[in-house]
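Trainee: Take a look at the letters that make up each chain.
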Amino acid sequence: MIEELGADLDALQAAYERRGLSPAAARREALMRLVPAEESLHELNAQHVPRTARWLKAAGIGGRVERFGAAAAAILAGTAVLTIPAGEAAVQGSLFLWAQALIAALLAANWCRGAAGLWIMGVLPPDVRNLFRARQAGLITGAVSLGGLGALWQGYMGLGTLEASPDLVWHVVRPAVLTGAIGIGAAIFGALGWLALLPRLISDESSERRIETLLTPSRLQRPLDNAVE
Amino acid sequence: MRTTLSKRINELLVLAILEHGPAHGYQIALAVEEWTDGLFSFQHGTLYPILHRLEGEGQVRGEWCGEGRRRKTYRITESGRVIFRAGTTELEEQFRALFALFGRTHAA
Numbered sequence: 001m002i003e004e005l006g007a008d009l010d011a012l013q014a015a016y017e018r019r020g021l022s023p024a025a026a027r028r029e030a031l032m033r034l035v036p037a038e039e040s041l042h043e044l045n046a047q048h049v050p051r052t053a054r055w056l057k058a059a060g061i062g063g064r065v066e067r068f069g070a071a072a073a074a075i076l077a078g079t080a081v082l083t084i085p086a087g088e089a090a091v092q093g094s095l096f097l098w099a100q101a102l103i104a105a106l107l108a109a110n111w112c113r114g115a116a117g118l119w120i121m122g123v124l125p126p127d128v129r130n131l132f133r134a135r136q137a138g139l140i141t142g143a144v145s146l147g148g149l150g151a152l153w154q155g156y157m158g159l160g161t162l163e164a165s166p167d168l169v170w171h172v173v174r175p176a177v178l179t180g181a182i183g184i185g186a187a188i189f190g191a192l193g194w195l196a197l198l199p200r201l202i203s204d205e206s207s208e209r210r211i212e213t214l215l216t217p218s219r220l221q222r223p224l225d226n227a228v229e
Numbered sequence: 001m002r003t004t005l006s007k008r009i010n011e012l013l014v015l016a017i018l019e020h021g022p023a024h025g026y027q028i029a030l031a032v033e034e035w036t037d038g039l040f041s042f043q044h045g046t047l048y049p050i051l052h053r054l055e056g057e058g059q060v061r062g063e064w065c066g067e068g069r070r071r072k073t074y075r076i077t078e079s080g081r082v083i084f085r086a087g088t089t090e091l092e093e094q095f096r097a098l099f100a101l102f103g104r105t106h107a108a
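Heads up: the protein sequence lines correspond to chains A and B, in order. One point on numbering: in this note's numbering, the residue at position 217 of the first sequence is 217, and numbering is uninterrupted. One point on numbering: in this note's numbering, the residue at position 86 of the second sequence is 86, and numbering is uninterrupted.
Just chain B, same shape as in the assembly:
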């Protein structure tokens, strides 16, 4: 199923953070903000549908940890890594094509 570009970018952002190690939902939200200098941020709980969708598709695995106040930790799965690499390559090609088009438009 084809997803919209923004949805795909959001999924790749989450996978990119998790490529660096397991993280809680809020840590993913913070890391995305910090690593993109605030250019990208998850607003109004959009992070959770993405995480739960990726979990349902087996791209990430969520585990409850801690005693008392438990927290859910997400980690990327092998299938998530493969999809992340394929996704970034595809996105790179799409942006290259897009900027080639913009370049031609500027040149004209």
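Bound conformation, chain A alone:
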């Protein structure tokens, strides 16, 4: 659409110039004819949003389905982390496990929100996109930090046991390693989820930049046009 608009805009400007208009006036005329006003943009958007989004919007449940999906993913992810048999057995009673489950759940919920926005609703507005990115980065950092801290904490707590019975090394090391592994695992899944959305995010941002480039010169020209004419 942007490519089509950009090419048509330049060609129409050239056609108006051939009719005797100044380049600035020709550009303004072409912009007035071709650049969609808000109403036309809404119409175009309505034509290009995915069918699922149209159906959800028509049913009036778009936002609720998105929120429900994110909550379900969060519950599932939290439950999955908490029920990892080895992890549960090894770090039973650890507060870090609960915190890690929470981080994993939030990562899953954030990813689902982003994915639903992009592929079901068809759009992720810039502010939501920035929020998605910041949350995902924060949660990944949180997962790694929590895993590291948890591993250190488990090791520190096991020092007493180790002094009393040096044979129990594995008993001390295992929960520490598992806590760290869960943290790194959650971070890797978060990063992979991010990577899965990245091509679409980059494509959306590139489209927005092209729209900005297309329209900025016309905005800058307006005051000059008025001054000249």
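Hints are all accurate, no fakes.
Have a look at the derived ranges for each label pair, beta carbon to beta carbon:
hint, chain 1, residue 1, chain 2, residue 2, range
1, A, 72, B, 34, 53 to 61 angstroms
2, A, 201, B, 75, 33 to 41 angstroms
3, B, 101, A, 37, 32 to 40 angstroms
4, A, 207, B, 93, 38 to 46 angstroms
5, B, 67, A, 141, 40 to 48 angstroms
6, B, 36, A, 131, 45 to 53 angstroms
Computed from the model, here is a short list of chain A residues facing chain B with C-beta under 10 angstroms:
hint, residue
7, 6
8, 7
9, 15
10, 16
11, 32
12, 33
13, 37
14, 43
None of these hints come from the bench; they were simulated from the model. The C-beta atom is built at its ideal place from N, Cα and C for all residues, glycine as well.
Fit chain B to the known structure of chain A by using the hints.
Mentor: Chain B in isolation, oriented as in the chain A frame:
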């Protein structure tokens, strides 16, 4: 689905231009202006929703052509031709009825 009269006229204007051969979006906009002596013109990007709707309905077909700076060329399809003919006939009947009514009003 019934569309409003102005929307229908806009669609028929686009189809009428494309009946004469393939054209880019801007050429359609220019041709409408020229052929109607400026009486009709597409403003504020209203052309694109029409073109994309007609494309979605299979009445026109858009194809990208050219190298480097590509342009989209639209051409009317067979189904578009049938709809165009039916649409112009329907519009003609509607206007005839409308002007018959205006005539009676003037006469009265």
